[in-house]
Amino acid sequence: MKFMSDAVSVFEINLLPTLRQWYLMVLLAAAFPIPWFYVTKAIAPDDPAVVRRLLAGTLVFGVAMSIGMLVGQNAVAQRFMGNLKLLITMPVSKGAYVLGTLAYSSISGVITVVMLLGFGFASGVDVNITWGLIPSLFLTVLTMAGLTMFVVSFAPTLQAGNISTALLALVLAALSPVYFTMEQAPLLLKALGYVSPLRYAADGITKSLSGRTDILVELAVLAGFALVSMSLGLWRLPWREE
Amino acid sequence: MQAPPVDVKQLSKRYKNGVWANREISLTVEPGELLGILGPNGAGKTTLVRQITTELIPTSGEVRVFGIDAVANYNEAKGYMGVMPQEAQLYYGLSVRHHLRIFGKLRGLSGRMAARRAEELIADLRLEEHRNKLADELSGGLKRRLLIGIAALADPPLMVLDEPSAGLDPEARHDLWDLLLGYRRQGSTILLTTHNMEEAEVLCDRVGIIQDGRLLALDTVDNLKAGHGFAYKIMFDAGARTETLYGASDRELVAQVQAKGIRQYAVARTTLEDVYLGLTRDKRTLDEDGAS
Numbered sequence: 521m522k523f524m525s526d527a528v529s530v531f532e533i534n535l536l537p538t539l540r541q542w543y544l545m546v547l548l549a550a551a552f553p554i555p556w557f558y559v560t561k562a563i564a565p566d567d568p569a570v571v572r573r574l575l576a577g578t579l580v581f582g583v584a585m586s587i588g589m590l591v592g593q594n595a596v597a598q599r600f601m602g603n604l605k606l607l608i609t610m611p612v613s614k615g616a617y618v619l620g621t622l623a624y625s626s627i628s629g630v631i632t633v634v635m636l637l638g639f640g641f642a643s644g645v646d647v648n649i650t651w652g653l654i655p656s657l658f659l660t661v662l663t664m665a666g667l668t669m670f671v672v673s674f675a676p677t678l679q680a681g682n683i684s685t686a687l688l689a690l691v692l693a694a695l696s697p698v699y700f701t702m703e704q705a706p707l708l709l710k711a712l713g714y715v716s717p718l719r720y721a722a723d724g725i726t727k728s729l730s731g732r733t734d735i736l737v738e739l740a741v742l743a744g745f746a747l748v749s750m751s752l753g754l755w756r757l758p759w760r761e762e
Numbered sequence: 632m633q634a635p636p637v638d639v640k641q642l643s644k645r646y647k648n649g650v651w652a653n654r655e656i657s658l659t660v661e662p663g664e665l666l667g668i669l670g671p672n673g674a675g676k677t678t679l680v681r682q683i684t685t686e687l688i689p690t691s692g693e694v695r696v697f698g699i700d701a702v703a704n705y706n707e708a709k710g711y712m713g714v715m716p717q718e719a720q721l722y723y724g725l726s727v728r729h730h731l732r733i734f735g736k737l738r739g740l741s742g743r744m745a746a747r748r749a750e751e752l753i754a755d756l757r758l759e760e761h762r763n764k765l766a767d768e769l770s771g772g773l774k775r776r777l778l779i780g781i782a783a784l785a786d787p788p789l790m791v792l793d794e795p796s797a798g799l800d801p802e803a804r805h806d807l808w809d810l811l812l813g814y815r816r817q818g819s820t821i822l823l824t825t826h827n828m829e830e831a832e833v834l835c836d837r838v839g840i841i842q843d844g845r846l847l848a849l850d851t852v853d854n855l856k857a858g859h860g861f862a863y864k865i866m867f868d869a870g871a872r873t874e875t876l877y878g879a880s881d882r883e884l885v886a887q888v889q890a891k892g893i894r895q896y897a898v899a900r901t902t903l904e905d906v907y908l909g910l911t912r913d914k915r916t917l918d919e920d921g922a923s
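Keeping their order, the protein sequence lines are chains A and B. For the first sequence, the working numbering gives the first residue as 521, with consecutive numbering after it. For the second sequence, the working numbering gives the first residue as 632, with consecutive numbering after it.
These are computed hints drawn from the structure, not numbers from a lab. Take these hints with a grain of salt, some might be off.
Stated by the list, open to error - Derived DMTMM-like pairs: lysine to aspartate or glutamate, alpha-carbon spacing no greater than 25 Å straight-line:
| hint | chain 1 | residue 1 | chain 2 | residue 2 |
| --- | --- | --- | --- | --- |
| 1 | B | Lys640 | A | Glu532 |
| 2 | B | Lys774 | A | Glu762 |
| 3 | A | Lys522 | B | Glu707 |
| 4 | A | Lys614 | B | Asp700 |
| 5 | A | Lys614 | B | Asp786 |
| 6 | B | Lys764 | A | Glu532 |
| 7 | B | Lys647 | A | Glu532 |
| 8 | B | Lys864 | B | Glu904 |
| 9 | A | Lys522 | B | Asp700 |
| 10 | A | Lys522 | B | Glu686 |
| 11 | A | Lys522 | B | Glu904 |
| 12 | A | Lys614 | B | Asp881 |
| 13 | A | Lys522 | B | Glu664 |
Please take these sequences and the hints and turn them into a complete structure.
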């Protein structure tokens, strides 16, 4: 009971300052993904399957970027600016802190998904959404959050932490076959694709946008990535100093 | 018999860079007392406090808070403490009221209780006209008041404050002292660190003097002065510099200085600063002084 209450309190701590400038959060969530999808759709072949893949890729890229940056920059800012010290003195568990932070960061991901799907519908993309979309996105969020927490825990300064959060999602998405299938990927990207969670996310989301439900393999792999990355992220989160 | 609020035994801390920040420190904080840990920057005060508040894991030794092992059961121990860390920052996008309400909930109060307690503290801390201000709009003194308020949420039996008045102007510092003395009168046990001699002398029932990670002394101010033979000091010019010598009796000091032909001198009671300097530097009495 206290665990959930603490997670809600951490969520509040992050949300209340943002509400004062809520429009910035909406702008950040949509500013990159929508124009990016618009351009790629414009230059892509007029093939519904290709366009769905582009939409899936943009969803993955957008969610990865927003979660990565919000979770990472939040963690870095709180660590280097002393806010985390105040929380650590409270009888609050690390898990509750992470859950609350993740819930807050997910708002941006939700805004990205809703606006992108809306734009997709409005621009005539042929989608047939199945149940697999939500677990695919959820597991992508968990994976990116865990990876981000793990990477930024090594940051020696605030600036290094902010740069690494931006780079992580960018590099991971750029080097993963999210906008095209593994069959279409060049050799290097194909090799990286086997170990990239974002590739499985893009595959699962593409299938979920195409009316398909045979995504258990993608979900299983994503769940594995999420479990490992969240474990690593939680382990490295600075809570008590050795 | 109730366990003491803080019981530290042979506590040592060695950081990864090899520095021993605390060495075999043992102390007990008694119920209802205000105990100060006095020392210069880098002496190990914050390291000691961070181990007591469970933020830092000791290298060796034991820390108990009301009998609870603060290393093994840190979350349970934290439930008994209200803490004001040295470098803690408020959340700049949250108002005074939000800080107190949300941290009240983190302290285990229900939503309604947390809101009520927030209003009580806003009145106690004289923050009524600032209740809706964001933390970054507050002055340094008001921020400190709010941080103490956060530490006082849920009426903890133990408050641990690391340099609570650092950086404050004299008026704000005195306001803070009044607050702390008020909490003590209400029955809270308070452990604080400071490098301000006046603060330690005014506030503390007992003072622990720490240097280079070691606890050099722990006693009341009067006992510290008496126990180290430093009840009085005499100052006189010796050539180009002012000499200060210590002794147990003012009459004896005057007699001895006069016997050496020194006519211009000033006698005063030793302060805590004198005790501190005497413990941490080579002290000299008139008998040991080779100068005339």
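Here's how the hints hold up against the structure:
1. Distance restraint check for B/Lys640 and A/Glu532: the Cα-Cα separation of roughly 39 Å exceeds the 25 Å cut-off, and the hinted pair is therefore not satisfied.
2. This hinted pair does not check out: B/Lys774 and A/Glu762 have alpha carbons roughly 29 Å apart, beyond 25 Å.
3. Between A/Lys522 and B/Glu707 the CA atoms are separated by roughly 13 Å; this keeps the pair inside 25 Å, and the hint holds.
4. Annotation: proposed proximity of A/Lys614 to B/Asp700 holds, straight-line Cα distance about 19 Å (limit 25 Å).
5. Of the pairs offered as hints, the one joining A/Lys614 and B/Asp786 holds, with about 24 Å between alpha carbons and a cut-off of 25 Å not exceeded.
6. Proposed proximity of B/Lys764 and A/Glu532 is supported: the alpha carbons are some 17 Å apart, at most 25 Å.
7. About 35 Å separates the Cα atoms of B/Lys647 and A/Glu532, which puts this hinted pair outside 25 Å; it is violated.
8. For the given pair, B/Lys864 sits about 12 Å from B/Glu904 by alpha-carbon distance, which is consistent with the 25 Å threshold.
9. With a CA separation close to 22 Å, the supplied pair A/Lys522 and B/Asp700 stays within the 25 Å bound.
10. Only pairs whose Cα atoms come within 25 Å are accepted, and A/Lys522 paired with B/Glu686 is accepted, the gap being roughly 20 Å.
11. Of the pairs offered as hints, the one joining A/Lys522 and B/Glu904 is violated, with about 46 Å between alpha carbons and a cut-off of 25 Å exceeded.
12. Distance restraint check for A/Lys614 and B/Asp881: the Cα-Cα separation of roughly 59 Å exceeds the 25 Å cut-off, and the hinted pair is therefore not satisfied.
13. A hinted pair counts as satisfied when its Cα atoms are at most 25 Å apart, and A/Lys522 with B/Glu664 does not qualify at roughly 31 Å.
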